[in-house]
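Can you make the complete structure from the sequences, with help from the hints?
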Amino acid sequence: MIFVGFGFLMTFLKRYGFGAVGFNFLLAAFGIQWALLMQGWFHSFKNGKILIGVENLINADFCVGSVCIAFGAILGKTSPIQLLVMTLFQVTLFSVNEYILLNLLHVKDAGGSMTIHTFGAYFGLTVTRILYRPNLEQSKDKQGSVYHSDLFAMIGTLYLWMYWPSFNSAISEHGDAQHRSAINTYCSLAACVLTTMAFSSMLQKKGKLDMVHIQNATLAGGVAVGTSAEMMLTPYGSLIVGSISGIVSTVGYVYFTPFLESRLHIQDTCGIHNLHAMPGLIGGIVGAITAAAATEDVYGKEGFIKAFDFTGVYQTRTPSVQGGFQAAGIVVSLLMAFVGGAIVGGILKLPIWGDAAAENCFEDEVYWEVPEDEESDVYHMHNPDKPTSP
Amino acid sequence: MIFVGFGFLMTFLKRYGFGAVGFNFLLAAFGIQWALLMQGWFHSFKNGKILIGVENLINADFCVGSVCIAFGAILGKTSPIQLLVMTLFQVTLFSVNEYILLNLLHVKDAGGSMTIHTFGAYFGLTVTRILYRPNLEQSKDKQGSVYHSDLFAMIGTLYLWMYWPSFNSAISEHGDAQHRSAINTYCSLAACVLTTMAFSSMLQKKGKLDMVHIQNATLAGGVAVGTSAEMMLTPYGSLIVGSISGIVSTVGYVYFTPFLESRLHIQDTCGIHNLHAMPGLIGGIVGAITAAAATEDVYGKEGFIKAFDFTGVYQTRTPSVQGGFQAAGIVVSLLMAFVGGAIVGGILKLPIWGDAAAENCFEDEVYWEVPEDEESDVYHMHNPDKPTSP
Amino acid sequence: MIFVGFGFLMTFLKRYGFGAVGFNFLLAAFGIQWALLMQGWFHSFKNGKILIGVENLINADFCVGSVCIAFGAILGKTSPIQLLVMTLFQVTLFSVNEYILLNLLHVKDAGGSMTIHTFGAYFGLTVTRILYRPNLEQSKDKQGSVYHSDLFAMIGTLYLWMYWPSFNSAISEHGDAQHRSAINTYCSLAACVLTTMAFSSMLQKKGKLDMVHIQNATLAGGVAVGTSAEMMLTPYGSLIVGSISGIVSTVGYVYFTPFLESRLHIQDTCGIHNLHAMPGLIGGIVGAITAAAATEDVYGKEGFIKAFDFTGVYQTRTPSVQGGFQAAGIVVSLLMAFVGGAIVGGILKLPIWGDAAAENCFEDEVYWEVPEDEESDVYHMHNPDKPTSP
Numbered sequence: 001m002i003f004v005g006f007g008f009l010m011t012f013l014k015r016y017g018f019g020a021v022g023f024n025f026l027l028a029a030f031g032i033q034w035a036l037l038m039q040g041w042f043h044s045f046k047n048g049k050i051l052i053g054v055e056n057l058i059n060a061d062f063c064v065g066s067v068c069i070a071f072g073a074i075l076g077k078t079s080p081i082q083l084l085v086m087t088l089f090q091v092t093l094f095s096v097n098e099y100i101l102l103n104l105l106h107v108k109d110a111g112g113s114m115t116i117h118t119f120g121a122y123f124g125l126t127v128t129r130i131l132y133r134p135n136l137e138q139s140k141d142k143q144g145s146v147y148h149s150d151l152f153a154m155i156g157t158l159y160l161w162m163y164w165p166s167f168n169s170a171i172s173e174h175g176d177a178q179h180r181s182a183i184n185t186y187c188s189l190a191a192c193v194l195t196t197m198a199f200s201s202m203l204q205k206k207g208k209l210d211m212v213h214i215q216n217a218t219l220a221g222g223v224a225v226g227t228s229a230e231m232m233l234t235p236y237g238s239l240i241v242g243s244i245s246g247i248v249s250t251v252g253y254v255y256f257t258p259f260l261e262s263r264l265h266i267q268d269t270c271g272i273h274n275l276h277a278m279p280g281l282i283g284g285i286v287g288a289i290t291a292a293a294a295t296e297d298v299y300g301k302e303g304f305i306k307a308f309d310f311t312g313v314y315q316t317r318t319p320s321v322q323g324g325f326q327a328a329g330i331v332v333s334l335l336m337a338f339v340g341g342a343i344v345g346g347i348l349k350l351p352i353w354g355d356a357a358a359e360n361c362f363e364d365e366v367y368w369e370v371p372e373d374e375e376s377d378v379y380h381m382h383n384p385d386k387p388t389s390p
Numbered sequence: 001m002i003f004v005g006f007g008f009l010m011t012f013l014k015r016y017g018f019g020a021v022g023f024n025f026l027l028a029a030f031g032i033q034w035a036l037l038m039q040g041w042f043h044s045f046k047n048g049k050i051l052i053g054v055e056n057l058i059n060a061d062f063c064v065g066s067v068c069i070a071f072g073a074i075l076g077k078t079s080p081i082q083l084l085v086m087t088l089f090q091v092t093l094f095s096v097n098e099y100i101l102l103n104l105l106h107v108k109d110a111g112g113s114m115t116i117h118t119f120g121a122y123f124g125l126t127v128t129r130i131l132y133r134p135n136l137e138q139s140k141d142k143q144g145s146v147y148h149s150d151l152f153a154m155i156g157t158l159y160l161w162m163y164w165p166s167f168n169s170a171i172s173e174h175g176d177a178q179h180r181s182a183i184n185t186y187c188s189l190a191a192c193v194l195t196t197m198a199f200s201s202m203l204q205k206k207g208k209l210d211m212v213h214i215q216n217a218t219l220a221g222g223v224a225v226g227t228s229a230e231m232m233l234t235p236y237g238s239l240i241v242g243s244i245s246g247i248v249s250t251v252g253y254v255y256f257t258p259f260l261e262s263r264l265h266i267q268d269t270c271g272i273h274n275l276h277a278m279p280g281l282i283g284g285i286v287g288a289i290t291a292a293a294a295t296e297d298v299y300g301k302e303g304f305i306k307a308f309d310f311t312g313v314y315q316t317r318t319p320s321v322q323g324g325f326q327a328a329g330i331v332v333s334l335l336m337a338f339v340g341g342a343i344v345g346g347i348l349k350l351p352i353w354g355d356a357a358a359e360n361c362f363e364d365e366v367y368w369e370v371p372e373d374e375e376s377d378v379y380h381m382h383n384p385d386k387p388t389s390p
Numbered sequence: 001m002i003f004v005g006f007g008f009l010m011t012f013l014k015r016y017g018f019g020a021v022g023f024n025f026l027l028a029a030f031g032i033q034w035a036l037l038m039q040g041w042f043h044s045f046k047n048g049k050i051l052i053g054v055e056n057l058i059n060a061d062f063c064v065g066s067v068c069i070a071f072g073a074i075l076g077k078t079s080p081i082q083l084l085v086m087t088l089f090q091v092t093l094f095s096v097n098e099y100i101l102l103n104l105l106h107v108k109d110a111g112g113s114m115t116i117h118t119f120g121a122y123f124g125l126t127v128t129r130i131l132y133r134p135n136l137e138q139s140k141d142k143q144g145s146v147y148h149s150d151l152f153a154m155i156g157t158l159y160l161w162m163y164w165p166s167f168n169s170a171i172s173e174h175g176d177a178q179h180r181s182a183i184n185t186y187c188s189l190a191a192c193v194l195t196t197m198a199f200s201s202m203l204q205k206k207g208k209l210d211m212v213h214i215q216n217a218t219l220a221g222g223v224a225v226g227t228s229a230e231m232m233l234t235p236y237g238s239l240i241v242g243s244i245s246g247i248v249s250t251v252g253y254v255y256f257t258p259f260l261e262s263r264l265h266i267q268d269t270c271g272i273h274n275l276h277a278m279p280g281l282i283g284g285i286v287g288a289i290t291a292a293a294a295t296e297d298v299y300g301k302e303g304f305i306k307a308f309d310f311t312g313v314y315q316t317r318t319p320s321v322q323g324g325f326q327a328a329g330i331v332v333s334l335l336m337a338f339v340g341g342a343i344v345g346g347i348l349k350l351p352i353w354g355d356a357a358a359e360n361c362f363e364d365e366v367y368w369e370v371p372e373d374e375e376s377d378v379y380h381m382h383n384p385d386k387p388t389s390p
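Protein chains in written order, with full-length UniProt numbering: chain A, 1 to 390; chain B, 1 to 390; chain C, 1 to 390.
Do not rely on the hints blindly, as some may be mistaken.
Identical chains blur together in the list; that is why a pair holds if it fits in one copy or across any two.
Said to hold, decoys possible - List of simulated lysine to any residue pairs, SDA-like, C-alpha gap at most 20 Å:
# : residue 1 : residue 2
1 : LYS206    : SER79
2 : LYS301    : MET232
3 : LYS306    : ALA293
4 : LYS205    : ILE81
5 : LYS208    : PRO80
Rather than coming from a laboratory, the hints here were simulated on the basis of the structure.
Following this line, the structure appears as structure tokens:
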């Protein structure tokens, strides 16, 4: 999922399809191995050996998901070496953050609204802020998409959309919680598509739809129920959360992204602020509220304890306290993202990683053997110096 | 499956890839929510609440499948608003039809040959008949495909092909019936590919293969065993049904579609008559025959009762009576499709939905922000007024 | 998996996308039916009937996988009839080879390093050697890729990559062996991506990455643990095997493929020698070593017997003897591939199958109705004879 979904979601750039898919592949493969080690040390270390099961692989996947999100912000502006360095640090920070949230604060976050999306997105945004390139205007024309590259990106979108319910429910408790999670996510995503379409059309001149919104904002609904999906959010609640996140995300693309770039000097290639950062925050807050509002009536006595793991030392925790800890989880994730992002961004700014010049950004030619393509073929066809055969 | 499969299957149009994927996405997301409500009211309404489980989601998916099929007939000729209105009505009619078939007539239709394909296709064909546009010739050239758009469509085809066995067996009884269903569908699909290839080559001038047939007719085998797959069709039976449906479908593309358009004024953009309507009918008929031919010898006493749910009030129903009811199910589906399609078509013909002019059909520009693409890039490159850098 | 994965992996050719996807589809559908019959006769024949279950479908899929591999070597140089004839013979030989290995030699090969990859690849290479076309230089320019065709191929790569762990573990014993298999494959694949990227960059002039390597060599890690994945290879072992196979495969693309073509007259369109033949051999050897090194300490008494099926007549077989038999399995597979490939190649060389002329190789036009595409559109746009509207 991580590979196909995120990889193709980023292929929308005209001249950077190889880089998007290829580098995403590289950092995911590297990240998974490193994440297996890191998470092994933090969560399943016994007798000097790391116990690996299928759940560890899923967790490593999630961890890499947060790296892919951050990659979205700096897409096209960094060298492969810089990406590997960033992956190395971010996976480490992700594991520390996850350890604090899940083990110390005893926070529930099955779909990773906080650990994956909020952390990953604000981390990436901080890094891209530090790596600000004032001369990026020069390659402005390469930041656009072409007709076919938008269709490739839609493969990624639909793929992610389809598997998001499985994603959010992957590590939920089997049975009730898992079903609940899948259904809530499904409802939220469906509602999100509708509001995205409606607002994309409303905010655009002449009421036309914008493919960028459809590619991205339609997924915000899945992000926004990441924390609360396995709780008793109810389908109606999911529909509301999904609708709101679709609106927020679309509005973000139209108004926030240009604002971030011109005022705050945050160059966010894929618009992860709209797809991951804001919906992730919404997801964290909704999760805190849903947890705080939980009662034994709704969950049943047994289900209540199981849903929040109120066992052992947490036996006496009440829902409202849990809500408070959930809120604390958001704050911790944000802090980790800002501080970590600033440090890693500083490291990446060192002039030893061989990053591309500003005029070469968003250009595959720098790192890839690019086949001569249609356009140049045609160009030669009309070149009077060379005789051509159509 | 619905999203990737149907969405990309329709991207073959040269200038309408965004519309195909995007609008399919929109109506599927809307349809699923509406279908959850409708099916909830009809099938799982208790104490003023709708009980939602994973099976409901699958059923809603199926329902939306029938909308996507109808969408195939009117692809490129309607506005998003018209699509939403059609979805609204069609989902309602689908639920009524399904209720009559499954609950009142006690018909078996696990893969939906009748409820999804026959109903959806004839509904769509009736709507497109009512919406007939005599001046569509003007945009004839936009109805073609280009090399890459055909490859995108193949993604849809292969995706649907691969998941069709799961699709047909999704709501079958676990165990024997489900396995039977998957294996029968698999055999039918494999046979269908062979006859499609053979006939595509035979019917074309110079024996060349036509990509349109490969994209569509290869799936007819899955449609044609929809009803009977979970019964004792036997692999040999599946191979025969698959072969026949491949032939019928390919012949349909070559001879029927032009005939429908010129004589009956039915403009069938995706050729759903060949992929869904005719194979759906075949599927219904094969299902009726297979049910009528069922004996306790073949199924075993217990399996026999389980296969057809001959319990409760249906305890005394014999296989031949069941066959008759299956046949009645086909007739009911057809009637619902024709009458419903005529009414909905009439509603869509009202001049309040803002549909596109005939010369704008099959053109993404009308509803989408389309990036300047390769062709125009090249055009500018040769435009003497603007200096260009290759 | 077979359909999407292999189909799109081969779409990298500029003018042969239809052929790659379409013919792959054709031979897979044909091969599966034939394989079901063949494997039925060899493995599950009872009372004159073939018992078909889901496992048979998986096995048929595997068998077809080996045909698809061989297809990679001759891609673009054969007619559909030749492909069907090759499929007919290769499936038969595959079944015989599988029968000798699994039933007579009692060899373990869950992921098919020997039966699928080694056999399929060397079979295909022998066939392409026999069908050597000295004038293929003429269509050299059509053997290249274009930007979008490389992205289509990446869909295939990522798809295969993602499902490879399921592929290798599909027919392993449920429980421990299956989990082990998935995890080992996963580790090997991840390591393989890293070494492929590193070596692709190192071996290329200017350190640029080559898309062909990323598309293919990244999968070598999955091939190379096919036999041993379900054994106690340990994650560390998997990482090492994956790393090595990535290096071997990338080096193969850079140095071996040109050598094979110029010296040995083996024209290997997709480079299956690098992706399947060499990693398959590695996989067989690693499997033999891992089997020979097995001890009861590591597997546990019961697990040990279960892992290698040391029951019945094989009760007294020791690990080192098993290792010997594994090695014998490699030799048998190679012999079958060379002898079988030579015979089938000879049959295909008969001038009765209507193969394309050398200048028509790698060209869809010969067998497909190809839509007029962008380039020619643009060409006409600049054609002074026709007035154009941009």
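Status of the hints after comparison with the structure:
When the C-alpha separation of LYS206 and SER79 is checked against a cutoff of 20 Å, the pair qualifies only between copies, where the shortest distance is 14 Å, while the shortest distance within a copy is 39 Å. Taking identical chains as interchangeable, the C-alpha atoms of LYS301 and MET232 lie at most 20 Å apart only when both belong to the same chain, with a minimum of 14 Å there against 44 Å between chains. Taking the closest pair of Cα atoms, LYS306 and ALA293 come within 20 Å of each other only inside a single copy of the chain (16 Å); across copies the shortest separation is 45 Å, beyond that limit. For the homomeric pair LYS205 and ILE81, the shortest alpha-carbon distance between copies (18 Å) is at most 20 Å, but the shortest distance inside one copy (41 Å) is not.
Taking the shortest alpha-carbon separations for LYS208 and PRO80, only the inter-copy value of 11 Å comes in at or below 20 Å, while the best intra-copy value is 37 Å.
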